[in-house]
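A.B. asks: Given next are the chains, with one letter for each unit.
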Amino acid sequence: MVEAIDLGMVNWARALFALTAMYHWIFVPLTLGLSWIIAFYETIYYRTGDESWSRLTKFWMKLFGINFAIGVATGIILEFEFGTNWSNYSWMVGDIFGAPLAIEGIAAFFLESTFFAVMFFGWDRVSKKFHLVSTYMVAIGSNLSALWILVANAWMQHPVGMEFNPDTARFEMVDIMEVILSPIAVSKFTHTTSSSFVMASLFVISVSAWYLLKQRHQLLAKRSIVVAATFGIIASLFVGVSGDEAAYEDAQHQPMKLAAFEGHFVGADPSGLVAMGIVNTSKKPGDDQQSFHLELKIPGMLSLLAQRTTIGFVPGINDLVYGNEVEGIMGAQQKIPLGKIAVKSLADYKAAKKVGDQVKADRALKTFREHEPYFGYGFLEKPEDAVPPVGVMFYSFHIMVLLAGLFVTIFAAFLFFVYKGNIEKMKWLLLIGVPMFFLGIAAQEAGWVVAEVGRQPWAIQDMLPVSIARTNLDTGTVAATFFMFVALFTVLLIAEVKIMLTQIKKGPEEEK
Amino acid sequence: MNYLTQPAKVYSFYRNGFRRMTLGRSLWKIIVIKLVIMFAILKVFIFPNFLKTNFSTDEARADHVIHELTNQQSSLENIE
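Order-wise, the sequence lines are chains A and B. Position 406 of the first sequence, counting from 1, maps to 406 under my numbering, and the rest follow consecutively. Counting the second sequence from 1 gives a position; my numbering is that position plus 1000.
Heads up, a few of these hints could be off.
Simulated pairs of lysine to any residue, SDA-like, Cα-Cα distance not exceeding 25 Å [unchecked claim]:
#, chain 1, residue 1, chain 2, residue 2
1, A, Lys353, B, Thr1070
2, A, Lys366, B, His1067
3, A, Lys222, A, Met484
4, B, Lys1052, A, Thr114
5, A, Lys354, B, Ile1031
6, B, Lys1043, A, Lys222
7, B, Lys1029, A, Ala99
8, B, Lys1029, A, Ile499
9, B, Lys1029, A, Val486
10, A, Lys297, A, Pro270
11, B, Lys1052, A, Ala102
12, A, Lys366, B, Lys1029
13, B, Lys1029, A, Met500
14, A, Lys506, B, Thr1070
15, B, Lys1029, A, Ala73
16, B, Lys1052, A, Ala404
17, B, Lys1029, A, Val118
18, B, Lys1043, A, Gly476
19, A, Lys498, B, Ile1031
20, B, Lys1043, A, Ala487
21, A, Lys214, A, Ala487
Source of the hints: derived by calculation from the structure; they are not laboratory data.
Whenever a hint applies, use it, and build me the whole structure from the sequences.
C.D. replies: Pasting the structure below:
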């Protein structure tokens, strides 16, 4: 019975997963981006033979190593949580996740244990060329590791290339290329990696700005800024393009997510994009309240984002919940009874198989396949359950976009004043630059919220809601684990910040 | 060191690398402590694999999940 499900446990398990993922995601983007920035610094050293570039490379490599050491393996806790708190989900997706995660594990182990060692131990022990190649291999390996987990995540957003096996209760992969090349996977990978490059560039800007303010290591700081700001601007362009593509793909495959992060309740042709607004959080689907207390809308822009035309219809939350016959949109209200038929026919199939009634089993399976696309809706109590929290989505999305715009401006300003030769005199800019890394983390986490909270109530889009994906555990146990992890992650974070700050204060090794 | 064979060179490379570490020693300590906490404490006491712990065969695990999926609805009885 739906009423009997302990939603408290589900929410604690979600909170624990979110805590772990968001903590893990402080380190990952920095690893992904900083690995490239280090490779660029080392390339300049390789080409010029200038030892100061070598010292600069080693300095950033040291900070990269600290971040890697503190962050490494925190992702494993997520896998533990799957097995304990999300056992139904874990069982059902095992075949889909197995291949990408195995590839990730093997690739990460071989690339990182070999080239990582050369990168850190190999200075003066291998040729300059081999060392440079190793540094690039670490960058490529780290980013490839991210590819596989993002492919797996994209599959949860848009399950393709699979077939549900009613005998084993597992989604089985039938086309690995469809899974890897899913449009959501492609846009997710490009958007996530490019935004990671932006965050790493901000890290370099923040540390360098601090050095300039303190009038220490000024040459290192200026040189670091030139590369990081250039990389940051280029990466920001990719963030913009891939973000636009991600929104377009959401419109095609997860229209509820798009409607939620735009606070778009009533579908319209054309639809405007809310650039800024104050969400009316008491607004519910289908009621007469205004969606916003205050809004600044750009006409036609949401249609352009979602349909690639300024005059296209973009369904709102009401259309997706209750349906819209005129536009040919089936809502959750219409999908729920079909989903219940799918669930019922699965039960009938298993019962018939148990007693050996093949005719009845075949008939039930046929009914199940006909209604399979609505399977997940069979677990929803009411159509409104298909709506993610609009306020959280709207603010997360808009904060992310706003910060992305700010970052490009910051990169451009730093680059301009470095080339002008008076960056060290621009105290106001340096003061703005120091906290930029923390805003970079905020943008990353906001992006994660948009992607993952926007998928709610689904663990697997349209197929499995989180309330069914969970293990039926005691709420108290999961809640206690959550608080234990708050303490553990806080200690680890303090350790990282302390070690990192000590090394930043120490600066690069002195010229011999 | 030319007399060293390739595996010996690799061994020597790693050994010397680890020996020369300064900051790296602290970082490795953190990594090892973290891995011990994760696999010896968290994995064993906090995060047992529910299905592996409670069911001995894949068939039993599949049946459990199917049961979980098909016994969630209050209105199944009304479906034709």
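A.B. asks: Could you run down the list of hints and mark each one as holding or not?
C.D. replies: Here's how the hints hold up against the structure:
no., hint, verdict
1, A:Lys353 to B:Thr1070, "holds, 15 Å"
2, A:Lys366 to B:His1067, "holds, 20 Å"
3, A:Lys222 to A:Met484, "violated, 42 Å"
4, B:Lys1052 to A:Thr114, "violated, 34 Å"
5, A:Lys354 to B:Ile1031, "violated, 50 Å"
6, B:Lys1043 to A:Lys222, "violated, 46 Å"
7, B:Lys1029 to A:Ala99, "violated, 31 Å"
8, B:Lys1029 to A:Ile499, "holds, 13 Å"
9, B:Lys1029 to A:Val486, "holds, 21 Å"
10, A:Lys297 to A:Pro270, "holds, 12 Å"
11, B:Lys1052 to A:Ala102, "holds, 19 Å"
12, A:Lys366 to B:Lys1029, "violated, 57 Å"
13, B:Lys1029 to A:Met500, "holds, 16 Å"
14, A:Lys506 to B:Thr1070, "violated, 61 Å"
15, B:Lys1029 to A:Ala73, "holds, 14 Å"
16, B:Lys1052 to A:Ala404, "violated, 44 Å"
17, B:Lys1029 to A:Val118, "holds, 20 Å"
18, B:Lys1043 to A:Gly476, "holds, 18 Å"
19, A:Lys498 to B:Ile1031, "holds, 16 Å"
20, B:Lys1043 to A:Ala487, "holds, 17 Å"
21, A:Lys214 to A:Ala487, "violated, 34 Å"
Violated hints for the displayed structure, listed by number in ascending order: 3, 4, 5, 6, 7, 12, 14, 16 and 21.
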